[in-house]
Amino acid sequence: MRKFVEDVFALAALVGTEAWFLKGYFADQPDFEPALAFLAALGVVLAKDPIRARFVAPKEATSTHDKELFKAFTDLLPPNQTTRFFKEHDFGGSFSKSDVAPLYSFVETWDSVDKEFLDEDLEKKRKAIYSLASELASEIAGRTVPLRSGDLISVFSDQQRATGQPRPASVIEDAKVLNEKSSLFVPKYEEFVRLCKVKLEK
1 MRKFVEDVFA LAALVGTEAW FLKGYFADQP DFEPALAFLA ALGVVLAKDP IRARFVAPKE
61 ATSTHDKELF KAFTDLLPPN QTTRFFKEHD FGGSFSKSDV APLYSFVETW DSVDKEFLDE
121 DLEKKRKAIY SLASELASEI AGRTVPLRSG DLISVFSDQQ RATGQPRPAS VIEDAKVLNE
181 KSSLFVPKYE EFVRLCKVKL EK
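For the sequence shown, the residue numbers in my numbering are 1 to 202.
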């Protein structure tokens with residue numbers, strides 16, 4: 001729509017300056033000003049698209065870059081695995097370090113210029129999901145501890161379990177916060193994946 005409006009105004013300027021020039025010409029009163037204005041308007045019309053092309057990335061190049069980036073994203077955070085764990089897991093229970101390792105890796109490696117999408121809508125969504133992922137990863141790291149089994153971590157430590165007492169309020173709060181952060185992350189993750197498929201898998 002924007003390009004259409006620009007074209008209309010450019011053509012209107014061209015026609016207007018041409019009429020101005022011809023009016024003087026046929027009245028035997030030719031003038032340099034309308035002639036120069038006409039040539040300037042003609043130059044704008046002819047140069048408009050080439051100039052635009054210098055500042056706008058070719059659509060094919062944009063699509064290729066973003067497709068490769070989306071593949072890297074889903075390789076790191078596979079939709080089925082990511083959605084299933086963060087949607088279904090109750091952080092009141094223990095879980096494997098490997099379940100959240102991809103999330104940590106995403107936060108560590110996707111805050112750089114080479115991980116930016118060229119499509120403005122996709123990049124906006126990527127930034128939003130990165131922010132939520134960063135918050136979730138930070139909360140998991142700060143609210144969980146390793147268990148003796150080695151690979152497992154939990155908000156409920158072995159020492160607390162050994163007392164035989166009910167879970168402290170702080171442990172219940174830790175699990176609640178992680179579940180809430182996870183419930184915020186999953187919908188945005190799914191929304192981003194769907195948008196990428198619509199835009200890139202054509």
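Since the hints were made in silico from the structure, they are not lab data. Among these hints, one or two may not hold up.
Subject to a maximum C-alpha distance of 27 Å in a straight line, what follows is the list of computed BS3-like cross-link-like pairs (lysine-lysine) [claimed, not checked]: (1) K97 to K202; (2) K199 to K176; (3) K97 to K188; (4) K71 to K124; (5) K202 to K124; (6) K87 to K124; (7) K87 to K71; (8) K71 to K176; (9) K115 to K67; (10) K127 to K115; (11) K115 to K176; (12) K97 to K115; (13) K67 to K125; (14) K125 to K181; (15) K176 to K67; (16) K202 to K176; (17) K127 to K202; (18) K199 to K115; (19) K97 to K181; (20) K197 to K176; (21) K188 to K125; (22) K199 to K97; (23) K127 to K176; (24) K115 to K125; (25) K67 to K188; (26) K87 to K199; (27) K87 to K67.
Beta-carbon label-pair distances, calculated as ranges [as the list claims (entries may be wrong)]: (28) K115 to E201: 36 to 46 Å; (29) G92 to G150: 39 to 49 Å; (30) Q165 to D121: 49 to 59 Å; (31) R84 to L147: 39 to 49 Å; (32) E120 to Q165: 46 to 56 Å; (33) E201 to P166: 41 to 51 Å; (34) K115 to K197: 36 to 46 Å; (35) P168 to S63: 33 to 43 Å; (36) R84 to E123: 19 to 29 Å.
Just so it is clear, CB atoms sit at the ideal spot from N, CA and C, and this is done for glycine as well.
Hint-by-hint comparison with the structure:
1. Annotation: proposed proximity of K97 to K202 is violated, straight-line Cα distance about 36 Å (limit 27 Å).
2. This hinted pair does not check out: K199 and K176 have alpha carbons roughly 35 Å apart, beyond 27 Å.
3. For the hint pairing K97 with K188, the CA-to-CA distance comes to about 23 Å; that is within 27 Å, so the pair holds.
4. Among the hinted pairs, K71 with K124 is consistent with the structure: their alpha-carbon atoms are about 18 Å apart, no more than 27 Å.
5. For a cut-off of 27 Å, the pair hint linking K202 to K124 stands: about 21 Å separates their Cα positions.
6. The straight-line distance between the Cα atoms of K87 and K124 is roughly 23 Å, inside the 27 Å bound, and the hint therefore holds.
7. For the hint pairing K87 with K71, the CA-to-CA distance comes to about 22 Å; that is within 27 Å, so the pair holds.
8. This hinted pair does not check out: K71 and K176 have alpha carbons roughly 32 Å apart, beyond 27 Å.
9. Between the alpha carbons of K115 and K67 the distance comes to roughly 12 Å, so the proposed pair stays at or under 27 Å and holds.
10. Restraint check: the Cα-Cα separation between K127 and K115 comes to about 10 Å, which is no more than 27 Å; the hinted pair holds.
11. The suggested pairing of K115 with K176 is violated, with an alpha-carbon distance near 32 Å, which exceeds 27 Å.
12. Between K97 and K115 the alpha-carbon distance is near 25 Å, which keeps this suggested pair within the 27 Å criterion.
13. Between K67 and K125 the CA atoms are separated by roughly 15 Å; this keeps the pair inside 27 Å, and the hint holds.
14. A distance of roughly 17 Å separates the Cα atoms of K125 and K181; the hinted pair therefore holds under the 27 Å criterion.
15. In summary, the hint linking K176 to K67 is not supported, as the alpha carbons are separated by about 36 Å, beyond the 27 Å threshold.
16. A threshold of 27 Å between alpha carbons decides the hint, and for K202 with K176 the separation of about 40 Å lies outside it, so the pair is violated.
17. Only pairs whose Cα atoms come within 27 Å are accepted, and K127 paired with K202 is accepted, the gap being roughly 23 Å.
18. With a CA separation close to 17 Å, the supplied pair K199 and K115 stays within the 27 Å bound.
19. At most 27 Å may separate the alpha-carbon atoms for a hinted pair to count; K97 and K181 meet this at roughly 18 Å.
20. At most 27 Å may separate the alpha-carbon atoms for a hinted pair to count; K197 and K176 exceed this at roughly 32 Å.
21. A threshold of 27 Å between alpha carbons decides the hint, and for K188 with K125 the separation of about 8 Å falls inside it, so the pair holds.
22. At most 27 Å may separate the alpha-carbon atoms for a hinted pair to count; K199 and K97 exceed this at roughly 33 Å.
23. Straight-line distance between C-alpha atoms of K127 and K176 comes to about 25 Å, which keeps the hinted pair within the 27 Å bound.
24. Pair hint K115 plus K125 holds up; C-alpha atoms about 13 Å apart against a cutoff of 27 Å.
25. Taken as a hint, the K67 and K188 pair is honoured in the structure, with Cα atoms around 19 Å apart against an allowance of 27 Å.
26. Between K87 and K199 the alpha-carbon distance is near 25 Å, which keeps this suggested pair within the 27 Å criterion.
27. In summary, the hint linking K87 to K67 is supported, as the alpha carbons are separated by about 26 Å, within the 27 Å threshold.
28. One distance hint, 36 to 46 Å for the beta-carbon pair K115 and E201, is violated here, with the actual separation near 20 Å.
29. Taking the beta carbon of each, G92 and G150 are about 20 Å apart, not inside 39 to 49 Å as hinted.
30. About 51 Å separates the C-beta atoms of Q165 and D121, a value consistent with the hinted range of 49 to 59 Å.
31. Distance hint for R84 and L147: a CB-CB separation of about 22 Å, inconsistent with the stated range 39 to 49 Å.
32. Distance hint check: the CB atoms of E120 and Q165 are about 53 Å apart, consistent with the given range 46 to 56 Å.
33. Checked against the hint of 41 to 51 Å, the pair E201 and P166 passes, with Cβ atoms roughly 50 Å apart.
34. At roughly 19 Å, the beta carbons of K115 and K197 sit outside the given window of 36 to 46 Å.
35. The supplied range of 33 to 43 Å is broken by P168 and S63, whose beta-carbon atoms lie about 53 Å from each other.
36. Distance hint for R84 and E123: a CB-CB separation of about 27 Å, consistent with the stated range 19 to 29 Å.
In this structure, the earlier hints numbered 1, 2, 8, 11, 15, 16, 20, 22, 28, 29, 31, 34, 35 are contradicted, and the remaining ones agree with it.
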